[in-house]
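All chains, please: the whole structure from these sequences, using the hints.
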Amino acid sequence: MSTAAGAPAPRADGDPPAPSTGVAQPQGRNTGELVMAVLLAALGVYLLVDAGAIAVPGSSNTVGPRFFPYAVGALTVLTGTVLALRVLRGDRGPSDDSEDVDPDAPTDWRAVAVIAVAFLAHALLINVVGWPLAVALMFAAVAWALGAVGVVRPFAIGLLVSCVVWIVFVKALNVALPGGTVLEFLTDWL
Amino acid sequence: MALDSLLGGFADALTPVNLVFALLGVLLGTAVGVLPGIGPAMTVALLLPATYVLEPTSALIMFAGIYYGGMYGGSTTSILLNTPGESSSIMTALEGNKMAKAGRGSAALATAAIGSFVAGTIATLLLALVAPTVVELAIGITAADYFALAVIAFVAVATVLGSSPLRGLAALCLGLYLGLVGTDVLSGQERFTLGVPQLSDGIDVVVVAVALFAVGEALFVAARLRRGAVQVINHKGSWMTREDFRRSWKPWLRGTAFGFPFGTLPAGGAEIPTFLSYATERKLTKHPEQFGKGAIEGVAGPEAANNAAAAGVLVPLLTLGIPTSATAAIILAAFQGYGIQPGPTLLTTEGPLVWALIASLLIGNAMLLVLNLPLVGVWVKLLLIPRPYLYAGILMFASLGSFAVNADPLDLVLLLLLGLLGFVMRRYGWPVAPAVIGLILGPIAETNLRRALAISDGDLGVLVDTWFSRIVLGLALVALVGPIVLRLVRGPRATPEEVQQTGALQHPVPAGRDRGEEDR
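Which chain is which? The protein sequence lines are Z and L, in order. Taking the numbering used here, the leading residue of the first sequence gets 182, the next gets one more, and so forth. Taking the numbering used here, the leading residue of the second sequence gets 7, the next gets one more, and so forth.
Just so you know, these hints were derived from the structure itself, not from any lab. Check the hints yourself; a few may be wrong.
Footprint (simulated), chain L over chain Z, 3 or more residues, beta carbon under 8 Å [said to hold, decoys possible]:
#1 221 to 228
#2 302 to 308
#3 311 to 325
#4 337 to 346
#5 362 to 369
Glycine included, each C-beta is placed from N, C-alpha and C at the ideal position.
So, in C-alpha cells, the structure goes:
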C-alpha cells in the first residue's frame, strides 16, 4: 500500500512527487492564460458596449438598468488588462490540485475533446432516445476516454445506473425526465 | 429566547419523517463528499436537485445533513487517500495521511470525526445564540449598508482567500457577468440575453455551480488523470487511546475558536482558520518532533476549525443573506429556489424553518459521529471506485441535476460551455468560488445599490452616509489595495502557505514555490 512515514520533508514518502506545475510547460501556460485575460477584457468591452443598448424605461428617474452593467464592464476591462500585463511579465497562477490529478502529466486534449463531444451529443439525444440511454452512451464514452477497459462493460454499467436513477427520480420523486419509449413502456405499471 | 426557539426547532426536526430526511442527507452527503475530487461545494451542488421535490422544511433538513456530511466525507478522503486534496482539508491531509501510513489511520479518523462533532456542535450552538443578536443589529441597516456588505464579500472572496488576488477578481467578474444575464428585476428590461429566449429568465445558479464545479472538475481531471491503481491507505490500527484523547481535546476547542469567527466574517471560508489552527498546535504541542510525521494535534485542530467555520458561514448567510463561501452561495440558491430570501427578516418570517434547520444541523452532526466510524469500511470502498467510472458518473449526475431544473436540453449545452470555462479557469489557477459568489450576490448587490440611489436621487454620497457603510467599504478598500501595497513594499504578498513556510512548517504542496520569482 504505502511506505511508512519518512522524514518530515514534504512528500518524502516516495509516492507521487509533489506537484510541480509551475515548472512544466511554462510557455503553453502563459499563452493560454494571456488569451484568457484578453478574452476577459473583451468581455468587459462587450458589457460596456451592450449596456448602452439596454432600453431604459422612461419612468426610471434615477439609476436604471444600465448603471451596474457599466460598473461591472469597467471592472472587467480593468481586471482583464492588468491580468494580461502581469501574465506577459511572467506571472503564473497557482496550480489547482485534485486528488486524482497527476501534476506532471501533459494535458490530454483528446480526452477533453471526447468528453465535450459526448456530452454535447447526449444533450441533443435526450429528447430523441430518452435520458437513460443518452446518458449511458455519454457515460460509456467518458469512461472510455478516461481509460476504462472495453466498451460493453462501461455502457452496461452506465445503462444500469441511469435506469435505476431514472426510476427513482421519475417514479418516486416525480421529476420530469424523458425515459425513452422502451423504458417508459416497461415501467408503465409503476 | 434563542433557546426556546431552538427547542421548537428540535420539535420540528425530530419528527420521524424529518429524521429520515436528516439521515438520508447525512448519508448522501458523506458518500458524495468522500469521493475524491468532490469538495463540499460540489457535493451540495450535485445533490441540490434531490431536494427539489420536497417541501421546504424537509428539503432544508436534508440539505443540512448534506452540508455537514460533505465536510465529514472530505476529511476521510484526505486521511486515507494517498494524494493531496482540496485546500481546506490539506492540513488534515498532511498529518492524517502520515498517521495513517504509520498504522494509526483509525486514530486519525476518530480524532477528525470527534473533533468535527465537537466543533460542529459548539459552533452550531453559537450560531443559534448569535443569529438573533445579529438580526437585531441588522434590522436597521440601510440598502447602502447592504451594498457595502456585498462589496466586502466580493473583495474578500476574490482577493483574501485565493493566493492570486487578480485571478480572484477575474473570476468574480465572470460571475458578475453571468449574474447580469437575464431580465432586470427592477425595470423588466432584458440584458445580455443575445436574443435567446431561454436566457431571459437568467442563468440558473444550479447550472452554473454544477458546471464550474462538477463538469469543470471532471474535464480538469480527465486532462491529467493520475493513471494506475488507486492507492488507499489501510485504515486499520487501534482506536484513539487515552493519550490521544488527552492530546486532542484542547486542539478541538482551539480549532473551534479559530474556525467559528473566521467563518462568520465576510472573509470567511475554512482555509485561513485551518492554517492558523495548525500553526498554533505546532507551537503549543509537547511533541513538536511529531509534526510532519503524523501528530494527532495536527489532525484534531484543523479538522475542528474546518467544521466550526462551516457553521460560522451560516451566520452571515441566515442573518444577512450574504454568502461568504461557494457552498454558502449554493445554499442561498436553494433557499431562493423555495421563494425564501435569507436576510434580516428571515428569522421573523420563516422562524420555525430556520430553527428546524439549526436543530437538524445538530442532529445531523450527532448522526455523523455515530455513523461515520462504523461505516468507514463502506467509505473506503467508495474511494476505490475506478476513476473512469467515477468521473463518468459525476457527469451523469451533473446532467440529471441541470436537466431536471427546466427539462431543456439547452441547459445542458450551457452546462457544457460553462464546464469548459470552469476547466480553463482551473487550468490557469483562477479560483471558481468568486464566480459562484458573484453570480448569486451580484443581483443582490445591484438591487440594494439602486434602491439606495433611488432614495438619494442618484447621489452617490448615500453609499457612505452611515458609519457602518464607511467602515465596511473602508475595510473592503484595504482588502483590495492592501495586497498590492504590500507587494510593492515587501515583495509578493504572504499567503497562508508562506506564513506556514516561514514558520518552518511543512506543507505537502509547496504553493509558494514560484511566487518568489513572480516579479522577475
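Each hint tested on the structure:
| no. | hint | result |
| --- | --- | --- |
| 1 | 221 to 228 | holds (count 4) |
| 2 | 302 to 308 | holds (count 5) |
| 3 | 311 to 325 | holds (count 8) |
| 4 | 337 to 346 | holds (count 5) |
| 5 | 362 to 369 | violated (count 0) |
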